[in-house]
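Trainee: Those sequence lines, one after another, are chains A and B. Just so you know, we're using our numbering here: the first sequence kicks off at 1033 and counts up by one. Just so you know, we're using our numbering here: the second sequence kicks off at 1033 and counts up by one.
Hints should not be assumed to be uniformly reliable.
Covered stretches of chain A (in silico footprint by chain B; criterion: 3 or more residues with CB under 8 Å from a CB of chain B, positions within the stretch not fixed) [said to hold, decoys possible]: (1) 1129 to 1135; (2) 1174 to 1185; (3) 1189 to 1198; (4) 1214 to 1228; (5) 1231 to 1238; (6) 1292 to 1306.
Within a straight-line C-alpha distance of at most 27 Å, the following computed DSSO-like cross-link-like pairs (lysine-lysine) qualify [claimed, not checked]: (7) A:K1243 / B:K1034; (8) B:K1220 / A:K1303; (9) A:K1243 / B:K1279; (10) A:K1279 / B:K1249; (11) B:K1279 / A:K1220; (12) A:K1249 / B:K1220; (13) A:K1108 / B:K1303; (14) A:K1304 / B:K1220; (15) B:K1304 / A:K1289; (16) B:K1280 / B:K1243; (17) A:K1279 / B:K1220; (18) A:K1289 / B:K1279; (19) A:K1217 / B:K1279; (20) A:K1034 / A:K1356; (21) A:K1125 / A:K1078; (22) A:K1249 / B:K1303; (23) B:K1243 / A:K1303.
Covered stretches of chain B, as calculated for chain A (at least 3 residues, CB under 8 Å) [said to hold, decoys possible]: (24) 1039 to 1053; (25) 1125 to 1138; (26) 1262 to 1272.
No wet-lab data here; the hints were simulated from the structure. C-beta: ideal position from N, C-alpha, C; glycine also.
There are 2 protein chains.
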Amino acid sequence: MKIAVDAMGGDNAPQATVRGAVDAVRQYGIDVILVGRREVIEKELKEYGASDLNIEIVHCEEVVAMDEHPASAVRKKRDSSIVVATKLVKERKADAVVSAGSTGAQMAAALFYLGRISGVLRPATAIPMPTIDGVSVLLDSGANVDSEPENLIQSAAMGAIYAEAVLGIKNPKVGLLNIGEEETKGNKLAVETYQLLKNSTLNFIGNVEGKDLNFGKADVIVCDGFTGNVVLKTCEGLASAMFTLIKKGIQSSLISKIGGLLVLPSLRGLKKRLDYSEYGGVPLLGVDGISMICHGRSDARAICNAVKAGERAARQGIVEAIAKELGKQQ
Amino acid sequence: MKIAVDAMGGDNAPQATVRGAVDAVRQYGIDVILVGRREVIEKELKEYGASDLNIEIVHCEEVVAMDEHPASAVRKKRDSSIVVATKLVKERKADAVVSAGSTGAQMAAALFYLGRISGVLRPATAIPMPTIDGVSVLLDSGANVDSEPENLIQSAAMGAIYAEAVLGIKNPKVGLLNIGEEETKGNKLAVETYQLLKNSTLNFIGNVEGKDLNFGKADVIVCDGFTGNVVLKTCEGLASAMFTLIKKGIQSSLISKIGGLLVLPSLRGLKKRLDYSEYGGVPLLGVDGISMICHGRSDARAICNAVKAGERAARQGIVEAIAKELGKQQ
């Protein structure tokens, strides 16, 4: 297995990307290919004391910037790191691509160069969501903003395959994100999707509400990409607001400052649990190859975890599993 | 001003409802009418040492249960506490109704007996959302699950009136809940609504994302009722999951247990800040009268706060303000 890492993409590139890739080599023995400007990558490898690892570098000149129009940037910049890294997957020279660059450009490159798996109407992004005792997957988290019931049931099937193969959840429970428990609840999309899920071969457990998301009621939660993206970012914001308020509260008196020092180690563990980068990037499911999308703010640990998740997805053959499952539905 | 309280509605009725109403009389000098079974209410008033307050009781025999079909229960049970309390508003014998009973039944009663304000396409529920330094209002939070751009712009206008009149926010900033900052972002509904808001007389500040919700970027945030309800319940669930994990973390060692005791008072303050009941119920905006919806689990404090918010909404004339504002748009 070889994982292509876009060395130039993300707010903390090339430091975080190169170091994350190096950590994946050192910690997990995964083969990586670093894609980007050779001199930049070599300098970073040297600074990290990793020149002796002989990591393969595929040189390219260009980078897609965060503010460029994704599709046209991908069309024009054929020699950009995200395009070159994605093409390595297409040409079977790499088994997955990992990037923390422009998400739109990464999706455009995946759609353009890898294409959809036959039978897949629309790819979907599957976000790992931390729960009080594990992790669930929420999808779609933004690839499709206007979804149809057929998109949601395909998302559910792809999410279940990913949860089983990569997160190791046996026969994952699938839930529909909705605003009530009864099957008649929700908007038109939810009501129609409920019936499709009920009649599918998936392990469908019914509706789950926002309040259930972090309690692991379902392993795979499906919704349209607009709602999913809002949910994801709401969790990010609320967790951050709560940590701000906790810090402010703790600093409000000498006694609670002392108490704060004593509870700090346990609160750090909590922050880590709620940190999405802990779970190793977001797969774009439904394209003919593995493309792991990382947060623009990814640090080396997030990149390393994404490389590991990408390698596991490739090793478990999720593309083939999705092709088989969704091919049946045609 | 007189506020009708549905004494029979909610998980903790009649104790929480009667005590909350009594607290509003005692703390704020607000006139209340308790609606429900006279003997039950009188017993509760006696137990709470409030018989001498001479609170008006309007007797009725029936109660709408949480599991009844809202519209048909409201049609059939004409002598139920929610119907009788709502009719007091209709007949101008009360200035607002407060209930913690079935939300569906309360909305059905409001639509049936109060009716929509002329010019309002659909009523919307406005949820107060705690932010790190204040409170915003999110609407719609579930009254309409399939919304059109016209519904969202009306929600925005009604939310702005409520935020200014009841929450005391001058010239409130209105934001559109979306999945990116640019005006071309989002689903069809969001893209179309953006243009309507941009060309309105509201203080529109553009898109806000989920991560901005708890940071007070906007005072009034609009979205469709499905997304709003999911966001609301997601926040509820995540906050609860975080408190569970904090507690677990603190109890994991003797040292952090000691620290926990020292920080507890400041964390209690945080829990209170994030507690939706603190903000006094959710107004159903757009109906011709004031109907304050409380959480089914409301305690006396939540009921008392809702009575206070209902009284303030009536005193500030929000129904008249909405009628004036939305009448102009016709």
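Trainee: Starting from A:K1304, check that the Cα of B:K1220 is at most 27 Å away, please.
Mentor: violated (36 Å)
Trainee: Is the Cα-Cα distance between A:K1243 and B:K1034 27 Å or less?
Mentor: Roughly 35 Å separates the two Cα atoms, so the pair is violated.
Trainee: Would you check the hint for A:K1243 and B:K1279, treating anything up to 27 Å between C-alpha atoms as holding?
Mentor: With a Cα-Cα distance of about 19 Å, the restraint between A:K1243 and B:K1279 holds, given a limit of 27 Å.
Trainee: Keeping to a limit of 27 Å between CA atoms, is the pair of A:K1279 and B:K1220 held or broken?
Mentor: violated (40 Å)
Trainee: Given that the segment 1129 to 1135 of chain A was listed as covered by chain B, double-check it with a C-beta distance under 8 Å for 3 or more residues.
Mentor: violated (count 0)
Trainee: Holds or violated: the segment 1039 to 1053 of chain B covered by chain A, criterion of 3 or more residues with Cβ-Cβ distance under 8 Å?
Mentor: violated (count 0)
Trainee: Count the residues of the segment 1174 to 1185 of chain A with a beta-carbon closer than 8 Å to any beta-carbon of chain B: does the count reach three?
Mentor: Result for this restraint: holds, n = 3.
Trainee: With a cut-off of 27 Å on the C-alpha distance, tell me whether B:K1280 and B:K1243 pass.
Mentor: Holds. B:K1280 to B:K1243 sits at ~26 Å (cutoff 27 Å).
Trainee: What's the verdict on B:K1243 and A:K1303, does the C-alpha distance respect the 27 Å limit or exceed it?
Mentor: holds (16 Å)
Trainee: Does A:K1303 sit within 27 Å of B:K1220, going by the straight-line distance between their CA atoms?
Mentor: violated (35 Å)
Trainee: Verify the proposed pairing of A:K1034 with A:K1356, using a straight-line Cα cut of 27 Å.
Mentor: Holds, because 23 Å separates the two Cα atoms, which is no more than 27 Å.
Trainee: Under 8 Å between beta-carbons, do enough residues of the segment 1189 to 1198 of chain A, three at least, approach chain B for the coverage claim to hold?
Mentor: violated (count 0)
Violated hints for the displayed structure, listed by number in ascending order: 1, 3, 5, 7, 8, 11, 12, 13, 14, 17, 19, 24 and 25.
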